[in-house]
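Q: So the chains spell out like this:
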Amino acid sequence: MDQRGRVLTLMAPPTLWLLLLFVLPMGAMALFTFRAGSFGAEREIWTLEHYRAFAGNWPFQRLLVRSAFVALLTALGSLVLAYPLAYYLAFHAGEGRLLLLTLILVPAWTSYLLRILAWKLILGSNGLLNSLLISLGLTAEGLPILLYSPAAVVITLIYVWTPFTALPIFAALQRIDRRLLEAAADLGHRPWEVFLRVTLPLSMPGVLAGFFFAFIPTVGEYVTPLLVGGARGVMYGNLIQDQFVRALNWPLGALMSLVMLVSVLLALLLFSGLVRQSTRVRL
Amino acid sequence: MRRAQFSPGALYYALMAAFLYLPLLLLVVFSFNDSPTLAFPLKGFTTRWYGELLLAGELLAALRNSLLVAAGASLVATVLGTMAALALTRFEFPGKGAFLALAAMPLVIPYVVLGVALLIAFSQAGIKLSLWTVGLGHVVVSVPYVLLIVMARLAGFEANLEEAAMDLGESYWGALRRVTLPMAGPALLAAYLNAFTTSFDEFALSFFLTGSETTLPIYLYSQLRFPARLPLVVALAALLIVGSLLVLLISEWLRRLGPPSGKEPAL
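Chains C and L, in that order, give the protein sequences. According to the numbering used here, the first sequence is numbered sequentially starting from 1. According to the numbering used here, the second sequence is numbered sequentially starting from 284.
These aren't lab readings, by the way, just hints derived from the structure by calculation. Fair warning: this is a prediction, and the values are worked out from it, not measured in the lab. Please note that the accuracy of each hint is not assured.
If you only want the chain C side, here are some residues facing chain L, beta carbon under 8 angstroms, derived [as the list claims (entries may be wrong)]:
1. V7
2. P84
3. Y112
4. Q174
5. R178
6. L180
7. S257
Heads up, the beta-carbon is just placed ideally off N, CA and C, and yes, glycines get one too.
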């Protein structure tokens, strides 16, 4: 068989798969935003009603912005915690750094739902943090409840995403040619100048990847808000989920999903452009 | 490289490790606590929650469902991802860039969006929700990871071993089977285990695609509403934590493994 035949044989099943279970559903979702209702005859009627409803509903839009803000805080928090970790592993951890990296990643691979549950147990008003403080006699009442707030969502998600964020930063730092750092030092730059002018710019692709590792799943979160967010911690993902579980307004839910998808892809393009600008080394 | 010594960096690492492991450790500790409420101080040691786990029929059914879905979905994902990885790393063909861009898309899309899209597509195609639809969803999110893991491995060794095998009279598929795939074996297994753990733990997508039979994360979620069931959930959590640690350590070890030296391809 010639090369053409080999490529066709190897590529046909994955391509078919991608078209049927990714491209087609995305298209179906986009088209469904024009349907009048979720089921039966209503499903056959075309309308722009949901677009009008979404555009006119200020709380929907505000919730999307708030979810983006929660995701931004989560991603930045994860980056701040993860960068020094990755830096230590890449530059100062010696031979055992891969083992040390693996150790950090292990908790991240255990059940996501259970890690959230653990924080529910820690942050609750009769949770571990408060009962520990009370039994140590530090406070009589315990702290004001942390659970069921946007802060609880952010804390929990920073915990969830920090290890994943460290991974691409570590990879980017590993790739930096150590001779560049020596050259910068030889040119009379102090260590922090070397860091700001060489190391940080060169690690930006990893930082960006890490940012999106945390940002994208968080923007679509609906489980963590349900478990630890309470009424004040509701996110845009909950709104989408609601259209399919309780409100049963699938077309509106599809439209909300589509809006989120477009927003995420736009953010991705925007940030990648910004980072491409900032990766230049200026000595 | 000098050895790691005590330093602010090492201290920071230790603190972060504690931050990451303590919540998990808490779950394990409380799984042995002789009290139905999860609060300090600890009451006493018991294994009764683990004993009760064995009697929770629905839970065991959910566990079985999850294992089935994960085993099947990761097998399909590994096969599809490997086929694409082989073609993408070894051949030039039109549409290659477009395929890669499209295939990587599920990585940058929130699962809730994928869940909504698949739910609508299944509903319009008249496909009833079941463990099958959950499995299909898991394949969609696992293929990109398989693709990346296997491509990285295939890029690590040149095509000339395959060419040598073909010069010696193997067909292309024979060379794949006897040279390329054995050399990429550890990466394939790592990709499979990665897909397996992803599927086994997946909630956000499954929630939209699940029928009357539930997977373990869906079952766990449904139990969280009942405080009386919490100790059981925590005991299960402790088991799952230890189990996934083991799977992860094995897969990490396999990924690090080069082509096994004792099993060089036999031409």
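Q: Now tell me, hint by hint, if it's right for this structure.
A: Cross-check of the supplied hints:
The restraint placing V7 of chain C at the interface with chain L holds, with a minimum CB-CB distance near 5 angstroms, inside the 8 angstroms limit. For the restraint placing P84 of chain C at the interface with chain L, the shortest Cβ-Cβ distance is roughly 6 angstroms, inside the 8 angstroms limit, so the hint holds. The interface hint given for Y112 of chain C holds, since its Cβ lies 6 angstroms from the closest Cβ of chain L, which is under the 8 angstroms cut-off. Look at Q174 of chain C: its Cβ only gets to about 12 angstroms from chain L, farther than 8 angstroms, so that hint breaks.
For R178 of chain C, the suggested interface contact is broken, since its CB lies about 11 angstroms from the closest CB of chain L, more than 8 angstroms. Annotation: interface hint on L180 of chain C violated; nearest CB of chain L at approximately 18 angstroms, more than 8 angstroms. At about 4 angstroms, the closest approach between the beta carbon of S257 of chain C and any beta carbon in chain L falls short of 8 angstroms, and the interface hint on this residue holds.
Checked against the numbered hints above, the structure breaks hints 4, 5 and 6 and satisfies the rest.
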